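Undergrad: Using the sequences and the hints given, assemble the complete structure.
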Amino acid sequence: MTDAVLELGHEPQPVDQPLLVVEGLKKYFPIKKGILVNRTVDHVKAVDDVSFEIYPSETLGLVGESGSGKSTTGYCVLQLLKPTDGSVRFLGQDLTKMNQGDLRRMRREMQIVFQDPYASLNPRMTVGDIVAEPLLVHDIGDRRLRRRSVERLLEVVGFNPDFINRYPHEFSGGQRQRIGIARALALNPRLIVCDEPVSALDVSIQAQILNLLKDLQGEFGLAYLFIAHDLAVVRTMSDRIAVMNRGKIVETGPAEDVYSNPQDEYTKALLAAVPVPDPRKMRARRAERRKHRAVLAEPI
Amino acid sequence: MALLEVEDLRTLFKVREGEVHAVDGVSFSVERGKTLGIVGESGCGKSVTALSIMGLVPVPGRATGSVVFDGKQLVGRKQRELENIRGRDIGMIFQDPMTSLNPTLTIGTQITESLRRHLDMTREEARKRAIELLEEVHIPNASGRLADYPHRYSGGMRQRVMIAIAIACNPKLLIADEPTTALDVTVQAGVLDLLSELQSEHGMSMIIITHDMGVVAETADDVIVMYAGQVIEQAATLELFDQPEHPYTEALLAALPQIEGEGVRHGRLNAIPGRPPDLLTPPSGCRFAARCAYAGMDDCAEVAPQLREIRPGHWVRSQHPASERAAQVVGVR
Amino acid sequence: MAVDRRQEFEAALTRTAEARGAEASAGAALVRASLWRDAYYRFIRNRASVIAAIAFVIMLGYVIVTPWVSSEDPYALDFSKAYLSPSWAHPFGTDQFGRDLFVRTALGGRISIEIGFAATIAIMVVGILYGSISGFAGGWIDNGLMRFLDALYGLPYLPFAILTLAIFGTVNFWTMVVALTVASWFTTARVMRGQIITLKENDYVRAAHAVGARWHRILFRHLLPNTLGVIIVFVFLELPGVILGEAFLSFIGLGINPPKASWGSLAQDGYVSYLSHPYIIVVPSIAIAWLILCAFFIADGLRDALDPRTREA
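Heads up: the sequence lines are chains A, B and C, in that order.
Residues 151 to 450 in my numbering are what the first sequence lists, from first letter to last.
Residues 66 to 398 in my numbering are what the second sequence lists, from first letter to last.
Residues 124 to 436 in my numbering are what the third sequence lists, from first letter to last.
Calculated from the structure, these hints are not laboratory results.
Where hints are given, some of them may not hold.
Just a few of them, taken from the derived set where beta-carbon distance is under 10 Å, the chain C residues facing chain A [as the list claims (entries may be wrong)]: (1) Phe-132; (2) Arg-143; (3) Asn-325; (4) Ala-333; (5) Arg-337; (6) Pro-348; (7) Leu-351.
On a predicted model such as this, the values are computed, not experimentally measured, just so you know.
Every residue, glycine too, gets a C-beta built ideally from N, C-alpha and C.
TA: Written out as structure tokens, the structure is:
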């Protein structure tokens, strides 16, 4: 059974047109109080008026600390969370205004890789089933074709396809992350949201996975929204960078520029705080860091 | 005499499938007032080493070897005696302040509890000391915050409270196991600053355990690098970063994503292929051989290399450390 | 159009896969471990649970096998043999009608256990359905269903069951099962709802959502299978309650009609003569207690064995 006709954007996107345009994105979580009747007393402004663009085959790094709203932004882009306000235009269409059916079809073009390799795979499904699920859900191919696709996908991400019938718990964090990447790749999306994809992995495995993501980007023309808190990791993956703090983007620009010549105080403080494996530099930085303490007064 | 001397520490875990050699012959020493960094990836045995020193290894595990703290042997001591030493002479802080603090007790209670246990104070004295401690770790409005429960504190503040509890009795040694891993980068910097501040004020020694080379670079005077339960390199911090010898240390440093530099975006990282060995049946030869770029050069995959002093104060467990490789190449020419 | 793009992708996949070649050795699996086998070993280590499981099986064996092999007719009235104390010929003695209690207790056990299991299964079905729909739907549906459940919780268990029986008018196997189910499904529903709500937060559920899976796939393929552990434990937790409930109802005279008997009605038979012939009431009571204790210990052991926290190596 061939895949259903997709009326929206088959042709390769012209490179000068943005793939994704996010404008005025807001996600507020209500804080409720009350015993019998819940009143909304206030809101947690997880994402507070965020705007950015992503072009085909490029990586936008979204960097920030915990609570900055970066993961929430990623979920809102994919409509895994319903935005409180703002628009998310993907391939020219506003996702926030789509009906269920169109949105489902649109999901083929945008996928996600999660942070936690242990929680992102259903422990009761085999590796093969997990990677085949996207194909199954969208009725692509028949059983035989799907199996072949799954085997190739696994090979492409560096996972031995012989283990297609094993369960996730039999594999290490790095291998599970590869499975997650294979799943994200299965539908040939144009955009993949990478939500802290290497944060839970050891350094030596991190490098393997980051290299894989780079390779896949070149081989399949993928655009990434790369969300992370590790500045060095973001630097190595991103063309452009947006720095988030408390729900807002405080600085955007080409990666080189933001890192070498940060404009915003928070960005400067952030860069100054990153531990670098160079003892002399670190000790010299301590003085500079003390200067920035005021900016970073911890929220009580 | 060093404050802490660890000699041939081995910790075995008996599991259904056999024995896991989590710590396999680790030796090091910590001088008074100095900081030792123990760095390695998950599963290398660094946390188990810390637990073994404190006598806190969970049940299917047993530690053997020698751990001499301030002249006293700790291995094999009764738990009651160890309890006295822990908290009073050795303080320990863990990775996740969320789970280390009891959510049902106020912060004040948790601090004073430790004080009264080890220092025999009255309630009033303990309370006063608790406020002093909170101020020492830079918690604003200390007296007011004693009555708060842990959930009202942010992650960084909880870690500071943990530190306050750990230094309450003025320990000679503080063991910090991944103290900043669960914290944001900016908060992390603050906690590390605090630790070094406290260290110089109290003349405390510190062991800081981490997987983050940057943290080690910042805080440690000396470093040991652990892999698969063994120490594979040991040196002063500056020396280690300037001239790493062991192929694993080199590879680890090379695999780190760089913040600065040209061509970072489009280059590939120097990934280390493969995975650490299974500690149930560790390889008989060098444990890093399966992933090492230089393993083919000799028999190191069969014969386990010993830890040797390649330069004064710099020890490495490898048949082909960096400086010897360079010499070999020159020699060939 | 879309087909072309898909084919292009497949072609790219093939090319890239071939180019990758040997790097696929990143995939050597860890220990060939099975979650179920791990759980099995953990269960085995729990001595109390193993003893309970064996005792449970012995009870089942007794209940199934005895009526087949015994030569005694459990329904024959023979007043010459009435009220005989336990002996070799009649290990549990005889009742006021001369019927052998060894066999009657076994038969009674069959009824009690059948009712017990049937009601437990029914409770599971109702509880799982109600709880999962509530937990999965969330929002006002969840609110409404839970408030209704809260109201039901207020009703006392046994009077509720009695009321249901009264409405039916007769007491037979099915009405008893329904009555017990109706009065006991609440906890299961609530626990299932909690499970579903917790599991919903897992990334793999979000992943299914991101891929475009519809709600029924998420519920039946992702959520429910991961509640299996909880369900199994709950079966053994509900069983005692149901058996005791049936026993009590029978004891107060609302049980299965004679000459069929369950342990509860056997106990009722023994009530009138317990001062002079205590064994008639003692035997079924011990049988009930035996089963209940076994079920609880098994449930305890299963819960520890299946605890997901200890599952991760």
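Undergrad: Compare the structure with each hint and give your call.
TA: These are the hints, each one checked on the structure:
{"no.": "1", "hint": "Phe-132", "result": "holds, 4 Å"}
{"no.": "2", "hint": "Arg-143", "result": "holds, 6 Å"}
{"no.": "3", "hint": "Asn-325", "result": "holds, 5 Å"}
{"no.": "4", "hint": "Ala-333", "result": "holds, 5 Å"}
{"no.": "5", "hint": "Arg-337", "result": "holds, 8 Å"}
{"no.": "6", "hint": "Pro-348", "result": "holds, 5 Å"}
{"no.": "7", "hint": "Leu-351", "result": "holds, 8 Å"}
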